[in-house]
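Novice: Position 143 of the sequence shown, counted from 1, bears residue number 143 in the UniProt record's numbering, the numbering being contiguous throughout.
Don't take each hint at face value.
[Claimed, not checked] Calculated pairs, EDC-like style, for lysine to aspartate or glutamate (alpha carbon to alpha carbon, straight line, at most 16 Å):
| no. | residue 1 | residue 2 |
| --- | --- | --- |
| 1 | Lys125 | Glu157 |
| 2 | Lys165 | Asp74 |
| 3 | Lys125 | Glu80 |
| 4 | Lys99 | Asp74 |
| 5 | Lys99 | Glu76 |
| 6 | Lys165 | Glu40 |
[Unchecked claim] Label-pair distances were calculated between CB atoms; the ranges are:
| no. | residue 1 | residue 2 | range |
| --- | --- | --- | --- |
| 7 | Gln77 | Leu179 | 30 to 38 Å |
| 8 | Gly49 | Gln71 | 27 to 35 Å |
| 9 | Trp36 | Leu112 | 36 to 44 Å |
| 10 | Gln77 | Gln38 | 40 to 48 Å |
| 11 | Met1 | Leu221 | 35 to 43 Å |
| 12 | Asn72 | Ser219 | 45 to 53 Å |
| 13 | Arg223 | Ser83 | 17 to 25 Å |
| 14 | Leu179 | Ser14 | 28 to 36 Å |
| 15 | Gln77 | Pro143 | 15 to 23 Å |
| 16 | Asn73 | Glu111 | 20 to 28 Å |
| 17 | Ala198 | Asn72 | 19 to 27 Å |
Calculated from the structure, these hints are not laboratory results. This one's a predicted model, so the numbers in the text were calculated from it and none came from an experiment. For each residue, glycine too, the CB sits at the ideal point set by N, CA and C.
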Amino acid sequence: MHLTPLLHLLHLVSPTLPVGMFAYSQGLESATHQQWIQDEASTQTWITGLLQNTLTYLDLAILARLHHAWQNNDLEQIEEWNSYLYASRESAELRAEDKHLGLALARLLKELNIPHAQDFYQQQKATCYATLFSLAAVHWQIPVTETLTGYAWSWLENQTMAAVKLIPLGQTAGQRILLHTQMLIPQCVERSLQLTDAEIGIFSPMLAISSALHETQYSRLFRS
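All chains should be modelled from the sequences, with the hints used to inform the complete structure.
Specialist: Following this line, the structure appears as structure tokens:
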């Protein structure tokens, strides 16, 4: 990949991107509260499981199709995969998070004069974060493999930093989780690119349950 698309990718996955991703734990806070996650080892198991299953078989696979659809300016396919991904969110909290992040990224991309972003922002409908992420990636000529890799890294970093705050874990423990789990990203990306349409989708019951429980959790650090 040339340096300019690489720099755009680093910008897109930066934790300083003003979309508010840091405010969400995706059920991790509830899992900690329920003591399903208590230490570095259980955190590693939780995050690895979600990466190899939910992210690979749902988010990354659909992100690849959205990337292809944006390249071909196929708005019908974009709408179809956006709706599929949104419908696959298994709790009200996960749906609200995806919609909020999608609209926040649409607003940012609109201000950066990226075509189509303004349309999504003005509609104020359920637009998934991956839909706008792929729009930016195609606009900045980031290849699909690198787009998926950056998306997975951004998710992994956010989950790990949430765990560091919640359990709490030491900073070094968080870095060990990142170092170990990032090595799995290439094979997850490769697998997601091999999936047929019929193979997309997965059921993650503990993620759904923890997210639903978090909606009514009495004391929370992260947004619901």
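Novice: So, for every hint listed, does it hold in this structure?
Specialist: Outcome of the hint check:
1. Lys125 <-> Glu157: violated, 27 Å
2. Lys165 <-> Asp74: Cα-Cα ~41 Å, so violated.
3. Lys125 <-> Glu80: holds, 14 Å
4. Lys99 <-> Asp74: It is violated: about 21 Å lies between the C-alpha atoms, which goes past 16 Å.
5. Lys99 <-> Glu76: violated, 19 Å
6. Lys165 <-> Glu40: Roughly 12 Å between the alpha carbons, so the hint for Lys165 and Glu40 holds.
7. Gln77 <-> Leu179: 30 to 38 Å: Given about 37 Å between the Cβ atoms, the range holds.
8. Gly49 <-> Gln71: 27 to 35 Å: Holds, since Gly49 and Gln71 (Cβ atoms, about 32 Å apart) stay within the stated range.
9. Trp36 <-> Leu112: 36 to 44 Å: holds, 40 Å
10. Gln77 <-> Gln38: 40 to 48 Å: holds, 43 Å
11. Met1 <-> Leu221: 35 to 43 Å: holds, 36 Å
12. Asn72 <-> Ser219: 45 to 53 Å: holds, 47 Å
13. Arg223 <-> Ser83: 17 to 25 Å: holds, 24 Å
14. Leu179 <-> Ser14: 28 to 36 Å: Distance hint for Leu179, Ser14 is violated at roughly 19 Å.
15. Gln77 <-> Pro143: 15 to 23 Å: Holds, since Gln77 and Pro143 (Cβ atoms, about 19 Å apart) stay within the stated range.
16. Asn73 <-> Glu111: 20 to 28 Å: Cβ of Asn73 to Cβ of Glu111: about 22 Å, so the range 20 to 28 Å holds.
17. Ala198 <-> Asn72: 19 to 27 Å: holds, 21 Å
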